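For the protein sequence lines, the chains are A and B, in the order given.
Per the working numbering, the very first residue in the first sequence carries number 1; after that it's consecutive.
Per the working numbering, the very first residue in the second sequence carries number 1; after that it's consecutive.
FYI, nobody ran anything at the bench for these hints, they're computed from the structure.
Predicted model only: the values in this text are computed from it and were never measured.
Be a bit skeptical, because a hint or two may be false.
Unchecked claim - With a Cα cut of at most 35 Å, we get these calculated DSBU-like pairs of lysine-lysine: (1) A:LYS11 <-> B:LYS81; (2) B:LYS95 <-> A:LYS62; (3) B:LYS95 <-> A:LYS103; (4) B:LYS95 <-> A:LYS83; (5) A:LYS44 <-> B:LYS68; (6) A:LYS44 <-> B:LYS95; (7) B:LYS95 <-> A:LYS71; (8) A:LYS11 <-> A:LYS103; (9) B:LYS95 <-> A:LYS15; (10) B:LYS81 <-> A:LYS103; (11) A:LYS83 <-> A:LYS11; (12) A:LYS44 <-> B:LYS76; (13) B:LYS57 <-> A:LYS44; (14) A:LYS15 <-> A:LYS71; (15) B:LYS81 <-> A:LYS44; (16) A:LYS11 <-> B:LYS95; (17) B:LYS95 <-> A:LYS78; (18) A:LYS103 <-> B:LYS57; (19) B:LYS76 <-> A:LYS103.
To be verified - Output of the computed footprint for chain B on chain A, the stretches with three or more beta carbons under 8 Å from beta carbons of chain B: (20) 39 to 50; (21) 97 to 104.
For glycine and all other residues, C-beta sits at the position ideal for the given N, C-alpha and C.
Residue strings, one per chain:
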Amino acid sequence: EAGVAQSPRYKIIEKRQSVAFWCNPISGHATLYWYQQILGQGPKLLIQFQNNGVVDDSQLPKDRFSAERLKGVDSTLKIQPAKLEDSAVYLCASSPWGQGNEKLFFGSGTQLSVL
Amino acid sequence: GQNIDQPTEMTATEGAIVQINCTYQTSGFNGLFWYQQHAGEAPTFLSYNVLDGLEEKGRFSSFLSRSKGYSYLLLKELQMKDSASYLCAAAGFQKLVFGTGTRLLVSP
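One chain only, chain A, in its complex shape (with noise of 0.2 Å):
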């Protein structure tokens, strides 16, 4: 079974540029995660879809990022314009049905650097 796909791996702007991430989650999974992991601490989340639509948003700073799954299947994380502050890992995940005790399958993550 493949598992959850990323890209791309590394990335490397200046403040004020755009960056998007995609993932693809396994195949037949309802609920896709974006998570910021800055270093030293745990994920935190910034969106959950359930198939194309959004559960949870509450942290995810709107004035600079979007996200959409448009087709309920693979997702891009968007940051418009970058803050030093955003160096972090962005973590995909996916479970199949979004309940909360579900176990969640990560990806190998996206690593931004903005300088």
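Based on these hints, arrange chain B on the given structure of chain A.
Same frame as chain A, but now just chain B:
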């Protein structure tokens, strides 16, 4: 509100036993996850406790006390490859909240 608390760092020697504690406060609590994360890699699932008590899975065991809002992960017969961060995560309704993680360093 939701709050997860675990130690920042722990050290232990190869072959020893280590216990990583986690306390949590979360609304609509459904259960407690432990994930392992090696440096530069994604978190991987270790265990899930929904009922009080100890669940054993090989060298790793996880304990939960719902009344005390407390869990621990017990690692036995430590190996060098166990050096990693261990993330405690509390599951609520449709939501999973992670702690900051405990970085475990296993030395020879």
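Broken hints, numbered, in rising order? Of the numbered hints given earlier, the structure breaks none, since each of them holds.
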